[in-house]
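Protein chains in written order, with the numbering used here: chain A, 1 to 232; chain B, 233 to 344.
Calculated from the structure, these hints are not laboratory results. All of these numbers come straight from a predicted model, not from anything done at the bench. Incorrect hints may appear among the rest.
To be verified - Partial selection, computed: residues in chain A whose CB lies under 8 angstroms from chain B:
#1 100
#2 105
#3 106
#4 111
#5 112
#6 114
#7 116
#8 204
Quick reminder that beta carbons are idealized off the backbone N, C-alpha and C, glycines included.
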Amino acid sequence: MRRAFVILVVALFGLVFTSLVIAHSERHSLRPLAESYVKLVPQELGAPNVITGILLTYRAFDTLGEVAVLFMVAAGVGLVLGPSGQRRRSSPRKAVGPARPSSEIVQSGAQILAPLISIFAAYIIMNGHRSAGGGFQGGAVTASGVLLLVLASTRYRVDLEFLSMTESAAGVLFVLTGIAGLIFAGGFLDNRMLPLGQFGAFFSAGAIPILSVLLGVKVGCELSVIIDRFRA
Amino acid sequence: MAELIGSILVLLGAIFHFSAGLGMLRMPDAYTRMQAGTKASTLGNTLILLGLGFYHPEWSLKLLIIICFVLMTNPVSSHALARAAHMIRIPMTQRTTVDALRATRQRRRSGK
Chain A
1 MRRAFVILVV ALFGLVFTSL VIAHSERHSL RPLAESYVKL VPQELGAPNV ITGILLTYRA
61 FDTLGEVAVL FMVAAGVGLV LGPSGQRRRS SPRKAVGPAR PSSEIVQSGA QILAPLISIF
121 AAYIIMNGHR SAGGGFQGGA VTASGVLLLV LASTRYRVDL EFLSMTESAA GVLFVLTGIA
181 GLIFAGGFLD NRMLPLGQFG AFFSAGAIPI LSVLLGVKVG CELSVIIDRF RA
Chain B
233 MAELIGSILV LLGAIFHFSA GLGMLRMPDA YTRMQAGTKA STLGNTLILL GLGFYHPEWS
293 LKLLIIICFV LMTNPVSSHA LARAAHMIRI PMTQRTTVDA LRATRQRRRS GK
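Build the full structure now, drawing on both the sequences and the hints.
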C-alpha cells in the first residue's frame with residue numbers, strides 16, 4: 001500500500017517535470033527590458049557586470065531596502081535570543097554542559113583559513129563592478145570567516161559594540177553617498193557623481209566600488225552579529 | 233593533446249565523485265559515510281579542477297588556489313563534524329573493532 005503510494009507520487013512528479021521539460025523552449029533573444037539593461041549598464045554606468053550595475057544604481061533604492069530588512073533580521077534575532085547576560089542565567093546551558101573546546105586541527109585550520117577567507121571576501125567586494133561578486137556576497141563570506149573563528153575558539157568574543165558602530169557608520173555613509181548622487185549627478189545613488197574611468201579597470205564605474213565596499217562592511221557586520229547571537 | 237589529458241582528468245574526477253555518492257548510500261554508519269564523502273570528493277574536486285586547468289591554461293593560478301583551499305577546508309570540516317558526532321555518541325556500526333578516540337579519552341580521564 002505504502003509502496004504503491006510512493007510509486008504514484010514519483011510518477012506524478014515525473015509527469016510534472018516531463019511536461020516542464022517538453023514545454024521548455026530556449027530563448028534566443030533577450031527580452032526588451034533585459035536587452036536595454038545589457039546595453040545601458042556598460043554604456044551609461046561603465047560597469048562590465050550588469051547585475052551590479054542594476055543593483056547599485058538603477059535598483060539601488062531596493063538594495064537599501066534589502067539591507068534594512070537584514071538589519072531588522074539582526075535586531076529580531078537579538079530581541080528573541082536576548083542579550084548575553086540575561087541568557088546565561090536562564091539558558092538550557094546547564095543541561096548541555098560547558099562548551100567543548102574544539103580540537104587542535106580545527107584551531108590551527110582556523111588560524112590558516114581566517115586570513116584567507118578575509119582576503120577572498122575583500123576580493124569579492126572590490127571586484128563587484130568587474131565580475132561576479134559584490135557587497136552582499138563578500139559580506140556573507142566575511143561572516144563565514146567570523147563563524148569559523150567562533151567555532152574554533154570558545155574564548156573568541158565578537159565585539160558587538162564595535163560591529164554595531166561600524167555597521168551604523170557604513171549605513172549612514174551609504175545614504176550620504178546616495179544624497180551626494182542626488183546633488184552631483186542625476187538622482188539618489190546615481191553612480192556618475194565620480195568619473196567613470198576606463199571601462200573594466202579596477203577604479204572605474206563611478207561610485208559603484210564605494211557603494212560595494214559600504215554594503216560589504218554593513219552586511220558582514222550584520223551577519224556576524226546574527227552569528228554571535230546564536231552562540232549557545 | 234592538452235584537451236585529451238584534461239578530459240581524462242575530469243572523467244577520473246567524475247568517477248571519484250560517483251564513488252563518493254555511492255559510499256554515502258552504501259556505507260553502514262555516519263562515520264564511514266563521512267569519510268567516503270570527504271576523501272572521494274576531495275580527490276574528485278582536485279582532479280576536475282586540474283582537468284579544467286588543462287583546458288584553460290590561463291585559469292591555472294586561480295584553479296590552483298581553489299584546489300589548495302579545498303584541500304585545506306574539506307578535511308578540517310569533516311574532522312570537526314565527525315568529532316562532534318563522536319562526542320554526542322552517534323552509534324557506530326556493529327563491525328567496528330577499534331575506537332581510538334574513545335580509548336584515548338578514557339586513558340586521559342583515568343590519568344587525571
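Hint check results:
For the restraint placing residue 100(A) at the interface with chain B, the shortest Cβ-Cβ distance is roughly 6 angstroms, inside the 8 angstroms limit, so the hint holds. Evaluation of the residue 105(A) hint against chain B yields a held restraint, the C-beta minimum of about 5 angstroms falling below 8 angstroms. The interface hint given for residue 106(A) is met, as the beta carbon of that residue sits about 5 angstroms from the closest beta carbon of chain B, less than 8 angstroms. A hinted interface residue such as residue 111(A) counts as satisfied when its beta carbon comes closer than 8 angstroms to some beta carbon of chain B; here the least separation is about 11 angstroms, so the hint is violated.
Checking residue 112(A) against chain B: minimum C-beta separation of about 6 angstroms stays under 8 angstroms; hint holds. Annotation: residue 114(A) was flagged as interfacial toward chain B, and the flag is violated, the nearest CB pair being 11 angstroms apart, outside 8 angstroms. Taken as an interface hint, residue 116(A) checks out: its beta carbon lies about 7 angstroms from the nearest beta carbon of chain B, inside 8 angstroms. Annotation: interface hint on residue 204(A) violated; nearest CB of chain B at approximately 21 angstroms, more than 8 angstroms.
Checked against the numbered hints above, the structure violates hints 4, 6, 8; every other hint is satisfied.
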